[in-house]
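Visitor: Build the full structure now, drawing on both the sequences and the hints.
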Amino acid sequence: MNKFMFPQSWRPWALLSAMTFLVTLINIDYTAVNIALILISKDLEADLNTLQWLLSGYILAWATAVVAAGQLADIFGKRRILLIGLTMFSLASLWCGFAQSEAVLITGRLLQGLGGALIAPPLYTLIFSVFPENKQGLAIGALGAGVGVGLAMGPTFGGALIEYLNWRWIFLINIPLCLITILVTMLCVEKEPSRISEHKFDLSGSLLLGLSLVTIVFGINEMENWGPLSLSVWSVISLGAVMLGLFIYSSRNKTNRLIPKGLFANKPFLGCVIGYTAVEMVFSIVLVSMGLYLQNVLGYSAYDSGIIFLSMTLAFGLLSPFGGRMVDRMDARIPACLGIAILTLGMSLALLFGTNGNMYIILPSLTLIGVGLGIALPSFNAAMMKTMDPSILSTASGVFVMFSALGGSLGVVFCTSLLVGLGEPFLEHMTIANNMDLSSVQIEHLMTVFGSAYRDLQLLTGMDVDLAVSLMNEAFVKANWWVMLTAVTLSMIALAVSYRLIKIAPRQA
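So that you can map any letter, position 201 of the sequence shown is 384 in the numbering used here, and since no number is skipped, the others follow by simple counting.
Hints are computed from structural coordinates only; laboratory data are not their basis.
Don't take every hint at face value.
DSBU-like mimics (lysine-lysine), calculated; alpha carbons at most 30 Å apart, straight line [stated by the list, open to error]:
#1 Lys450 <-> Lys318
#2 Lys686 <-> Lys444
#3 Lys437 <-> Lys383
#4 Lys444 <-> Lys318
#5 Lys686 <-> Lys450
Beta-carbon label-pair distances, calculated as ranges [unchecked claim]:
#6 Glu375 <-> Ser415: 43 to 49 Å
#7 Ser200 <-> Lys383: 46 to 52 Å
#8 Ser418 <-> Gly537: 36 to 42 Å
#9 Leu386 <-> Asn541: 41 to 47 Å
#10 Leu277 <-> Asp639: 27 to 33 Å
#11 Leu535 <-> Phe281: 39 to 45 Å
#12 Pro547 <-> Arg683: 28 to 34 Å
#13 Lys444 <-> Gln641: 56 to 62 Å
#14 Gly645 <-> Ser433: 28 to 34 Å
#15 Leu668 <-> Lys383: 43 to 49 Å
#16 Lys450 <-> Ala424: 22 to 28 Å
#17 Val624 <-> Leu348: 33 to 39 Å
Backbone N, C-alpha and C fix where the C-beta goes; we use that ideal spot for every residue, glycine too.
Guide: The structure is reproduced here in structure tokens:
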């Protein structure tokens with residue numbers, strides 16, 4: 184038995200404070216990296232297609248391990264797995280902070296993702312289990328507020344670190360903050376027995392599921408390099424699909440199966456998974472495309488871009504407690520659908536973004552997106568947990584986070600691939616229309632600059648640089664229009680699915 188700093192009645196709130204601090208930290212890290220992409224690209228001489236693995240690889244590592252982490256938490260205890268995850272995240276941050284190449288940095292981000300995977304299921308289920316039923320939505324909403332605050336601070340805080348120190352401090356700052364969270368957790372959460380469940384860990388299922396997801400997403404990511412009709416692309420995706428089929432087949436008769444039997448027969452759970460995944464895809468698209476748009480097209484610094492992002496992230500943080508609280512009081516589909524509708528409106532305004540950077544459109548768009556996210560995401564999270572058997576809550580939470588993380592990863596891959604895949608033909612067409620007489624080498628250099636997170640204009644030697652930059656901006660905006668249109672479509676799908684499936688979620692007083 185631990186000695187606690189707080190009286191019994193204070194412990195849920197002390198734990199909530201610690202966990203809110205933790206999700207704030209993780210989301211600061213997540214969004215700050217988006218702002219730093221251009222400077223990392225310049226420092227490590229890496230192109231956008233490679234550097235997108237800093238984002239999608241991190242989320243993918245999270246997605247592939249989070250279901251296993253949920254099962255481990257149900258078997259060995261939430262506190263223990265949470266502390267292991269925090270330790271791993273700290274060490275991986277140290278690794279990233281001292282990385283001298285893109286390969287080393289991406290490896291560190293993958294390890295950060297694994298640490299985050301171990302953190303996520305026990306974090307939410309610990310909070311959910313210590314609060315009474317009529318305050319569970321409020322508690323989940325408070326965690327959502329931490330997410331929003333982290334997102335709000337991430338671009339601005341990251342921009343300030345870049346401005347006054349360098350991008351490496353985005354990772355190094357995690358270490359003391361993680362140590363504080365470890366200490367608070369140890370003082371607030373009682374030690375558990377070495378094993379709290381007799382179930383065995385499904386190691387083979389974890390490996391099959393993880394490998395299948397990595398293989399499929401890798402194949403999708405390489406469509407840009409190998410071509411969408413390439414035999415190599417579809418061979419890799421097919422291999423991943425076969426492994427996924429083997430995972431499903433081998434799990435049929437297991438007593439310790441990684442994903443509990445009948446989980447997806449729960450319609451509210453299924454609705455929350457689909458809705459949350461689609462919204463996470465939209466969110467990732469916004470973070471990546473807006474970061475590139477503000478810095479490369481409109482010419483804002485990383486710090487100024489972070490300030491502009493505040494219109495979205497502060498709205499997210501301020502609305503999150505209300506989104507979770509609404510699920511305590513009404514049918515969960517009401518706040519979920521309301522949030523998605525507002526998100527869709529914000530994304531529709533993003534279709535109007537142009538090369539002139541009209542802030543009368545950009546700021547309302549980002550604000551509406553933040554409001555929609557702040558209402559919808561905590562609603563999905565709270566509704567999902569209210570439908571689950573407490574004995575499998577961590578595992579179910581892991582499955583939920585896996586799909587949402589996959590949505591985030593696919594959103595990043597989709598966004599970068601479509602921006603480059605559509606933007607390059609647009610750019611080539613415009614160079615011809617504007618009578619730019621370029622050699623094959625110059626065209627190759629122009630496409631290299633366009634496809635990089637950092638635009639090295641020295642590669643444009645021998646051509647009209649001002650015209651080339653203007654055409655690159657126009658090509659980006661044209662490609663980004665299609666990216667935003669797809670995001671609007673995803674939002675509308677999430678709205679329809681949520682309305683249809685979450686309506687039978689239990690109503691809580």
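Visitor: Hints first: check each against the structure and report whether it holds.
Guide: A quick look at each hint next to the structure:
no.: 1; hint: Lys450 <-> Lys318; result: holds, 23 Å
no.: 2; hint: Lys686 <-> Lys444; result: holds, 22 Å
no.: 3; hint: Lys437 <-> Lys383; result: holds, 10 Å
no.: 4; hint: Lys444 <-> Lys318; result: holds, 29 Å
no.: 5; hint: Lys686 <-> Lys450; result: holds, 9 Å
no.: 6; hint: Glu375 <-> Ser415: 43 to 49 Å; result: holds, 47 Å
no.: 7; hint: Ser200 <-> Lys383: 46 to 52 Å; result: violated, 35 Å
no.: 8; hint: Ser418 <-> Gly537: 36 to 42 Å; result: holds, 41 Å
no.: 9; hint: Leu386 <-> Asn541: 41 to 47 Å; result: violated, 54 Å
no.: 10; hint: Leu277 <-> Asp639: 27 to 33 Å; result: holds, 30 Å
no.: 11; hint: Leu535 <-> Phe281: 39 to 45 Å; result: holds, 43 Å
no.: 12; hint: Pro547 <-> Arg683: 28 to 34 Å; result: holds, 30 Å
no.: 13; hint: Lys444 <-> Gln641: 56 to 62 Å; result: holds, 59 Å
no.: 14; hint: Gly645 <-> Ser433: 28 to 34 Å; result: violated, 59 Å
no.: 15; hint: Leu668 <-> Lys383: 43 to 49 Å; result: holds, 47 Å
no.: 16; hint: Lys450 <-> Ala424: 22 to 28 Å; result: holds, 26 Å
no.: 17; hint: Val624 <-> Leu348: 33 to 39 Å; result: holds, 38 Å
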